[in-house]
Each structure stands twice: as C-alpha cells, then as structure tokens.
Amino acid sequence: MVRNGEISLADVKRIFRRFWWIPVTSALVFGAIGFGATRVLTKKYTSVTTVLAEQPSVSRDYVPPVMNDDLNQHLATMKSQVLSSSRLQPVIEKFNLFADERSTVPMDALEERLRKSVEVTLLLPMTGASVRQPPGFQVAVTFEDPQIAQKICAEITSMFMKQNVEIKLGVAKDTTQFLGDQVDQAKAKLDEQDAKLAQFKQKNLGVLPEEVERNLSMIATLNTQLETNNQSIARAQQDKTITESLLAQAEQNWKLAQTGQANPETQEQQLAALQEQYNALLLRYTPEHPDVVKLKAQLEDLKRRIADDPGTKGAMTPTQAKLHEPPQLLQLRTRIKQDDFTTTDLTARQSQIQQQIGVLQARVQMSPMIEEQLKDLMRNYQTAQEFYNDLLKRRANSSIATELETQQQSGNFRVLDPPSLPTEPSFPKVPMFLGGGVAGGLALALGILYLLAAMDHAMYNERDVEVALKLPVLTMVPSLGQPHPKSPKARDAGKFEPAVALKA
Amino acid sequence: MSRIHEALKKAAQERHAQIADRSNGTAVDLTSEGLTRGVVAESLPLDARTDATVARDRSVLRFEEFAKKCQHPKWSLASGANVFAPDRMDHVGAEKFRTLRSRLYQIQATRPLRKLLITSSLPEEGKTFTVANLAQSIVRQPERRVLLIDADLRASRLHRMFGAPEKPGLTDYLRGDADEFQVMQIGPQGNLCMIPGGDDVTNPSELLHSERMRQLLDRMAQVFDWVILDSPPALAVHDASILADMCDGVMFVVRAGATDFQVAEKASLEFREKNLLGVVLNRVDRHEGYGTYYYGSKPEKDAASAG
Chain A
1 MVRNGEISLA DVKRIFRRFW WIPVTSALVF GAIGFGATRV LTKKYTSVTT
51 VLAEQPSVSR DYVPPVMNDD LNQHLATMKS QVLSSSRLQP VIEKFNLFAD
101 ERSTVPMDAL EERLRKSVEV TLLLPMTGAS VRQPPGFQVA VTFEDPQIAQ
151 KICAEITSMF MKQNVEIKLG VAKDTTQFLG DQVDQAKAKL DEQDAKLAQF
201 KQKNLGVLPE EVERNLSMIA TLNTQLETNN QSIARAQQDK TITESLLAQA
251 EQNWKLAQTG QANPETQEQQ LAALQEQYNA LLLRYTPEHP DVVKLKAQLE
301 DLKRRIADDP GTKGAMTPTQ AKLHEPPQLL QLRTRIKQDD FTTTDLTARQ
351 SQIQQQIGVL QARVQMSPMI EEQLKDLMRN YQTAQEFYND LLKRRANSSI
401 ATELETQQQS GNFRVLDPPS LPTEPSFPKV PMFLGGGVAG GLALALGILY
451 LLAAMDHAMY NERDVEVALK LPVLTMVPSL GQPHPKSPKA RDAGKFEPAV
501 ALKA
Chain B
505 MSRIHEALKK AAQERHAQIA DRSNGTAVDL TSEGLTRGVV AESLPLDART
555 DATVARDRSV LRFEEFAKKC QHPKWSLASG ANVFAPDRMD HVGAEKFRTL
605 RSRLYQIQAT RPLRKLLITS SLPEEGKTFT VANLAQSIVR QPERRVLLID
655 ADLRASRLHR MFGAPEKPGL TDYLRGDADE FQVMQIGPQG NLCMIPGGDD
705 VTNPSELLHS ERMRQLLDRM AQVFDWVILD SPPALAVHDA SILADMCDGV
755 MFVVRAGATD FQVAEKASLE FREKNLLGVV LNRVDRHEGY GTYYYGSKPE
805 KDAASAG
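Listed in order, the protein sequences are those of chains A and B. Quick note, the first sequence lines up with residues 1 to 504 if you use this note's numbering. Quick note, the second sequence lines up with residues 505 to 811 if you use this note's numbering.
Hints in this document: simulated from the structure, not taken from any laboratory. Any given hint could be a false lead.
[Said to hold, decoys possible] A short list of chain B residues far from chain A (calculated; beta carbon distances all over 10 angstroms): (1) Lys572; (2) Ala613; (3) Arg658; (4) Gly680; (5) Asn707; (6) His713; (7) Arg716; (8) Arg723; (9) Ala725; (10) Val741; (11) Asp752; (12) Asp764; (13) Glu774; (14) Asp789.
[To be verified] Dumping the calculated DMTMM-like pairs for lysine to aspartate or glutamate here, alpha-carbon to alpha-carbon at most 25 angstroms: (15) A:Lys13 x B:Asp764; (16) A:Lys203 x A:Glu372; (17) A:Lys470 x B:Glu774; (18) B:Lys770 x A:Glu462; (19) B:Lys778 x A:Glu462; (20) A:Lys470 x B:Asp749; (21) A:Lys470 x B:Asp764; (22) A:Lys43 x A:Asp100; (23) A:Lys470 x B:Glu670; (24) A:Lys470 x B:Glu777.
Only a predicted model underlies this, so the values are computations on that prediction, with no experimental measurement involved. Backbone N, C-alpha and C define an ideal beta-carbon position, used for all residues, glycine too.
Please take these sequences and the hints and turn them into a complete structure.
Here it is in structure tokens:
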C-alpha cells in the first residue's frame, strides 16, 4: 500500500512480484520494435577522414606564428566558411546530389541537409600529453550512398585544406600590413617626441640637470674671485690712506721748507713713524710684498731727504713753491689717483661677479623643476622609442612568417587517412536501436508499475492494517492457494458437498 | 506483566465465584421445554476448575442431553477451505488460527467474551472461512463447545463449509417456524454445533433485529464456550451493525491485497464503539512476512484421542 506517494522497498518487491511480466513484456516488445526499425529505416553510410594539424616546420623561437594556436577556434571559423551556402551549392551540383528533390525542394533546404550530414570533430590529445592542443580533426560525411559519401568527404576535406591556407596567408599579410602602418605611426610619434625634447633642451640651456654641477662649480669660482676682489679693494683703500698720509706729511715738510723753517725734528719724527710702520708690515708680509717694498722706498727717500736737508736754502713764494712742488708730492698724488681708479675698478668687478653668482644660483634653483619636465619628455620619448622598436621587430617577424606561409602551400594540415569507403551502414545501428527499445520499454514499464503502486490502496501486511485502520491484527492467515472465490473454479470448489435440507 | 497477571487472576476469581453460585442449584431455562443446564465449566481457567469439578461433570452430562435433542445430519467437511482437514493439514494456516484462538482467550480473560461477530467490509473477504476454521481450532481443545450461527440471511453459505444441510435454519427459528433443537445441527466431533441460514427471506434485517434473536444468543452463550456469528458484509447491509449490538465482540476480516483501506476504514468506523477486537488479515501472501516458520510437521492430534 502506497501512502503519500512514498513507496517502500516492500511495496517495490510486491509490485515486481505481482507484475513482473509487465517490464519483461514491455522490454521484449519495445526491443522488437527497435530491431524492426533497423530493418525499415533507410540505411546511411559514413565516410571518415582524419586530418593532422602538424607543428610548424620552423621553430616558434625563430618564427613566431601570426595566428592563434587554438585549433578549435580556427576549425570553427573554417567550418562556418567551408559549410556556407556559397560553398555547398557547388558541391551539390558537382555530385548531382538530391537529384530527385532539387526541382521541388528549395536549394537552401538541400544545403542544410548536406550541412547536417557533415560532421567535423576534433581529435582528443593523448592522455598525459604535455600539449593540450588537439592533434587534428576528423571530417565525417553521412550519406545514403557510400561512394557519394566518400566523394563528398574528400571534397569537403579539400575545401578545409584550401581554406586553411587562404586564412593563414590572409592573416599573415594583413598582420604585416597592419604592423607596417603601425610602425609609420609610431615613427611619426617618435619624431614628434624627439623634436619636443630638443626644443626643450635648447630653451633651457644652462638650466638642464646635467649643467647643475658646472653651475655650482662656477659659483664657487666666482665666490673665490669675489673674495679676492674684496681683498684688493681693501688693499687699495689702505694704500690710498697711507699715500694720503705720506702726501700730507710731505706737503707739510715741503711748506716748512718753503718758509725756511725746516723742521728737522719733524722729519726725524716722520722717519721714525715710517720705520715703525715698516717694521709692522714686515711682521705681516714678506720683504718682497709690494707694500713692504713701497714703504721701504719711502723710508729710503725720507732718509735721503734728511741727509740732503738744505737748511740753508732760502724761502720761496707760495706760487713759486706751488709751481716747483717736488716730484715726490706729485708722485704721491698720482699714486692716490691710481688707488682711486683701482678701487673703482675693483668695485665694478665686484658687482659684476655678484650678478653672475645670482644668475647661476637662480639656474641651480630652477634645476629640479626643469629636471621634472625633462623627465616627462624623456619618458614619453623612451616609450615612443620602445613601441617603435617593438613594432619594427614584430613587422620583421610577420614578414618572415608570411614568407614561411607562402612557402608552405599546404599550411600545417596534412591528410592522415584518406576518406574511407564505408561498407557497413552507420545508421541505423542494431545494438543502439535494440538497446534503446529495451531501455525505453523498461522505462515505460517502470512508469506503469509506479502508477499501479500509486493506485493500489489494498492492505498487504500487518503494518498496512495498523497504519490504515489503526486496529490490532489478531492473526494473519496465509493464502491457501485457492482460486479467487469469484472464479468459476472457486464456485465449483465452494460447493463442497451438495447441501440438502433437513426434514423438520 | 504483573498488572496483567493480577487482572487475569482477578477475572478468574470473579468467574470462579459466579460458577460456584450457579453450581449450588442455579438452573438456566434454556428452552421453552424447560431444559436446564448448569454452567459450562470448560470455560474455566485451570486453577478454577479444581474447585468446580462437580459443576463441570454435571454440565457435561447436561450438554449431552442437550446434544441429543439437536439434529445430527451427516456433515462432509470441505477440505478445500479447512486448514485442519486431515488430508491437507495446512500447518501454517492451522497455526495462525491457533494464534487467533489464543488471542481471543487472552481477551476473554480480561472481559466477558462469548458472543463473537465476524464481519468484513465487502463480500468474499473470508468471513465464513474464518468462522469455520476458528471454530475448528477451538473445538480441537478438550471440553470446548462452539456454536456457529450463519447470520448472513441474504447469502448464507456457512453450511457449505461443513457439507451440511441449509434448512431448517436461523430464518425458520426467527420466524417461529422451528425451535432451537430443530435448527441446531451438531457435528461428528460432538462439541461443534451450527445453525445454518435457513430459508431465503425478504426481511432479514427485521428478523435479526428481533428479541427472539437476542434471546437465542443469550441462552446459547450460557451453553457454549463460544457463539460465533457469520454476518453479512458491513458496507453492503446494516445487518452486521444490528448483530454487533447483541455480541460481546466484533472481529473484522480484511482480505490482503484486495480490500481497499479506505473502504475498510469506512466499514470499521461503525464498529469502533461496539467492541471491535481487531482484524484478521486473510489470504496474506507468503512474501509478506506472516511467519512461515513452523516448528514440527506432525498433524495436530485429534481432540478426542488427545483425551
């Protein structure tokens, strides 16, 4: 008894025990139908050829392929092209296929039938092979006539071979052409970047990163020059001061000499002062130093004048005196003027050096910004150059690959087995139809058995009674092997003995 | 277990007290002719029998007198449906009816149970077969007396099981055309009696519902250990429900592999409040695990020879 659609193992056993003949009969009947179908259906023959996809004759390391290595994708592309209507129609006409139907059935429908009769399958790579690429493919053509099937198979295979070569050559040429265009564009971009870089360098001459060191060196040199210049200015000013003091002393002495009141004591004092000054300079400089040499000359001159003191000379008028100033005074005055000129010249030089230092420092300060801009330009330039070089290399490879494909007229496909001439029909196959019939019959029988089980509401055992009626089972009496009470046999058996009425 | 034991013991004691009272001179007016008899001591439990030996002996004597007045036709038991038939001793079937007998005794030990109605939901489920073989299993015990009544007045066939005459029968008695002794047949074993269906009538329900039927059952229940009624199917007619009211218990027969559980459920609902004891599952397939193990293969000894 099946409850709530649940079938227990006992139910299954019971159903099979009662209706075992249903699956047996069904399997036999449907198997016979399947077998009969193999005798009735039109036989078809399949011609098969195997095409091997060989590896390139030249190593990929030397000539990289221009096409994708995926044979599956390549085959799908070729299949769609080979099995196109424009290719199949000539095949139909060439072999006079569907001659009886061509007048009534549209050509599209015939092409579709031929297309369905062609099957292209990839060969599976060997187990454990390192390359997962399929080693080739098979072309199978199924037709009612085995010889026609063989011819169609050969034709289709040939079309595959030609299409393969055309595709590969076309792809190689297109690739080369494309890469050539790309190379031209890349070269234009590289030239443009080159011009930009040159213009930038020209514009920022002296500020470029590689000139920073030189600028810093020049600044150091100018600083040294500036320091020297400052020292020269100080020395010139000092000389002027000394010369002016000497001039003042000499004028005083000369005036005194003009008035006859030579003052030997004053000359002596002047000599002593010069001597003292000379000693002081010796402490600082060598005797060859110009200041020491000059002061020594003044000291000698003063000593000579003291020695030649004219104490006896007569007085002169100021105009005469002026007109007759000693050359010593004139020399002193000239020296003062020279010191002034020197100081002025050095001061001008100092300004010039400071200006140059300022310019150089400005350049050094600008250098990081310029360096950044230059890096951008250089980066763009290098990218353009690398791209250009890469394209050049690719174009070269593509050219070689195109040349290789041109030389290999058969592409990389090779017909391993020519199209076979089938002797046994590929359809209908007796084992398949017989097995399918038996399997279908069994499936149908199982469905019928399930329905029978689902519709069976009878009780068979103690469990069924207790679940359905919720009553205890006092005993279970086995079947005595009697025929059904309603059957004629049972009715006869039920008349155990002729019943006679008792006479009251 | 101790509670069950105590209950059985208590029931036995109560029955012993009743029997003792009856044995002290209480007589039952069994028929209109004034036949009296004592208590049926055979129904006593073993521990009670010792105390009621005198009553039992008297009862045996009186049942013999009672039996002499019954009809003694020649029975020809049909072996085809009799699991106890010597020529086809069905050990498994017989064992199952013994099991049923034991269950009934177990129930009887806990409650009054002498009048037993056997019915089913639809015809041809094995009521008559069950009635006949249950009776066979009981009367094979010593000092057990069983009365079978074919209460299926529309299609009586219990007499066929025994190869007995159909008339006169229950309809004749209920119409008043015959008395108990005229309709009651006693078999060759001496402890199995049967009242067949009798003449065909047009008003079986009215006859079964009569006070005469009730009185017959009550009187016979005092003479026999078991009064077993073979009734019509419950869903077909209302007779079984009428009879169930007069009986101590109802047993429902279900034919395995044939009776729809919905039909059986509907039919059994009517008896759920009328002492429905349980179900006899008939014609069970041997693969359904009813238990084919049977210890020994010797046929059961005849009750008489067993002493």
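For the pair we were handed, lysine 43 of chain A and aspartate 100 of chain A, check the Cα-Cα distance against 25 angstroms.
-> Cα-Cα ~18 angstroms, so holds.
Outside-interface status for arginine 723 of chain B - nearest CB in chain A farther than 10 angstroms = With a cut-off of 10 angstroms, arginine 723 of chain B remains clear of chain A, as the shortest Cβ separation is near 21 angstroms.
Test the statement that aspartate 752 of chain B is away from the interface with chain A: the closest C-beta pair must be farther apart than 10 angstroms.
-> The claim holds: aspartate 752 of chain B sits with its nearest Cβ about 15 angstroms from chain A, beyond 10 angstroms.
Straight-line Cα separation of lysine 470 of chain A and aspartate 749 of chain B no greater than 25 angstroms?
-> 22 angstroms, holds
Beyond 10 angstroms from every chain A Cβ: check whether that's true for valine 741 of chain B.
-> 19 angstroms, holds
Below or equal to 25 angstroms on CA atoms is what counts here, so check lysine 770 of chain B against glutamate 462 of chain A.
-> Distance of about 18 angstroms is within 25 angstroms: holds.
Taking the closest pair, is the beta carbon of histidine 713 of chain B still more than 10 angstroms from chain A?
-> 25 angstroms, holds
Report holds if the minimum CB distance from arginine 658 of chain B to chain A is greater than 10 angstroms, and violated otherwise.
-> 16 angstroms, holds
Closest CB of chain A to the CB of alanine 613 of chain B still more than 10 angstroms away = 15 angstroms, holds
Chain A versus glycine 680 of chain B - minimum CB to CB distance exceeding 10 angstroms, so not interface = Holds: least Cβ distance 13 angstroms, greater than 10 angstroms.
Given hint glutamate 462 of chain A paired with lysine 778 of chain B - CA-CA distance at most 25 angstroms | 22 angstroms, holds
Does the no-contact call for asparagine 707 of chain B survive, Cβ to all of chain A over 10 angstroms?
-> 21 angstroms, holds
Going down the numbered hints, you'll see the structure goes against 12, 14 and 23, while the others check out.
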